[in-house]
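Please model the complete structure; the sequences and the hints are all you need to start from.
Okay, so the sequence shown: first residue is 1 according to our numbering, each after it adds one.
Treat the hints loosely; a few may be bogus.
[Unchecked claim] Cross-link-like lysine to any residue pairs, in silico, SDA-like; alpha carbons within 20 Å at most: (1) Lys68 <-> Glu44; (2) Lys68 <-> Arg97; (3) Lys170 <-> Val246; (4) Lys170 <-> Thr159; (5) Lys170 <-> Arg118; (6) Lys170 <-> Ala132; (7) Lys68 <-> Arg107; (8) Lys170 <-> Arg107; (9) Lys170 <-> Leu147; (10) Lys68 <-> Met113; (11) Lys170 <-> Leu122; (12) Lys68 <-> Ile42; (13) Lys68 <-> Asp114; (14) Lys170 <-> Ala227.
Simulated from the structure, these hints should not be mistaken for laboratory data. For clarity, every value in this text was computed on a predicted model and none was experimentally measured.
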Amino acid sequence: MILDRFRLDDRVAVVTGAGRGLGQGIAVGLAEAGADLVAVDIIELQETRRQIESQGRRCTAVVADLGKESSVQQIIDAALAAFGRIDILVNNAGIIRRAPFLEFSLRDWDEVMDINIRAVFLLSQAAARVMAGAGHGGKIINIASMLSFQGGVRVPSYTASKSAVMGLTKLMANELAPLGIQVNAIAPGYMATDNTAPLRRDAVRSKEILGRIPAGRWGEPADLQGAAVFLASAAADYVQGATLAVDGGWLAR
Numbered sequence: 001m002i003l004d005r006f007r008l009d010d011r012v013a014v015v016t017g018a019g020r021g022l023g024q025g026i027a028v029g030l031a032e033a034g035a036d037l038v039a040v041d042i043i044e045l046q047e048t049r050r051q052i053e054s055q056g057r058r059c060t061a062v063v064a065d066l067g068k069e070s071s072v073q074q075i076i077d078a079a080l081a082a083f084g085r086i087d088i089l090v091n092n093a094g095i096i097r098r099a100p101f102l103e104f105s106l107r108d109w110d111e112v113m114d115i116n117i118r119a120v121f122l123l124s125q126a127a128a129r130v131m132a133g134a135g136h137g138g139k140i141i142n143i144a145s146m147l148s149f150q151g152g153v154r155v156p157s158y159t160a161s162k163s164a165v166m167g168l169t170k171l172m173a174n175e176l177a178p179l180g181i182q183v184n185a186i187a188p189g190y191m192a193t194d195n196t197a198p199l200r201r202d203a204v205r206s207k208e209i210l211g212r213i214p215a216g217r218w219g220e221p222a223d224l225q226g227a228a229v230f231l232a233s234a235a236a237d238y239v240q241g242a243t244l245a246v247d248g249g250w251l252a253r
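So this is what it looks like as structure tokens:
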């Protein structure tokens, strides 16, 4: 049955930035499809764990700072101790800093790049080694952005990091395919999360953004669940190196 190929029963998924927003929505969606979760964030994860366990799935919460290299082994060790395997990795954690290009600080550049691309590289490398060593392959899903395609304004490090995410996704897809590991990305559109709160508070900017979205609304975390489940499942076994825009039509306008 084709629907069975979307099931994630007996799979273990690691989702970063799972304490709220898009990461929480993705983690809960994977749990609904049958996966057990390793939920990672720098904030507490009680609500995420509650929602996952309400689906009858298991959840291990890992509080970790992805800006620190040591967090990578912490996450891998926690996943293997709890479940003995890693089948799916979703690199969702990300931060943003806003300032005009001519005033943008090196600190804001480094902090964003450390979380948004350096941690993605390090955690993907570590998880892929586990998947390859186990011999069962796996799925890696990176969270890109509309600014993987466009330049944006006042967010130089975010734009650079998310452009790098899309490029790294393709590189990883090329190299990891022979190991049975599919690597793809999801590029969310303008979503109602903490990262976009300043834009949504700005009546003029919010109106401009909504005016370009054919769907006529800001996206919600639940809007990413279907894409995440698809890319994490056997239904996407021949999808490799793609970046799937879930944007309400923003890029089509």
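Do the hints match the structure? See the list:
1. Lys68 <-> Glu44: Answer holds: Lys68 to Glu44 is near 18 Å, not above 20 Å.
2. Lys68 <-> Arg97: holds (19 Å)
3. Lys170 <-> Val246: Given pair Lys170, Val246 holds - Cα atoms ~18 Å apart, limit 20 Å.
4. Lys170 <-> Thr159: holds (17 Å)
5. Lys170 <-> Arg118: Holds. Lys170 to Arg118 sits at ~16 Å (cutoff 20 Å).
6. Lys170 <-> Ala132: Cα-Cα ~18 Å, so holds.
7. Lys68 <-> Arg107: Holds. Lys68 to Arg107 sits at ~15 Å (cutoff 20 Å).
8. Lys170 <-> Arg107: violated (28 Å)
9. Lys170 <-> Leu147: Holds. Lys170 to Leu147 sits at ~16 Å (cutoff 20 Å).
10. Lys68 <-> Met113: holds (12 Å)
11. Lys170 <-> Leu122: holds (16 Å)
12. Lys68 <-> Ile42: holds (11 Å)
13. Lys68 <-> Asp114: holds (8 Å)
14. Lys170 <-> Ala227: holds (18 Å)
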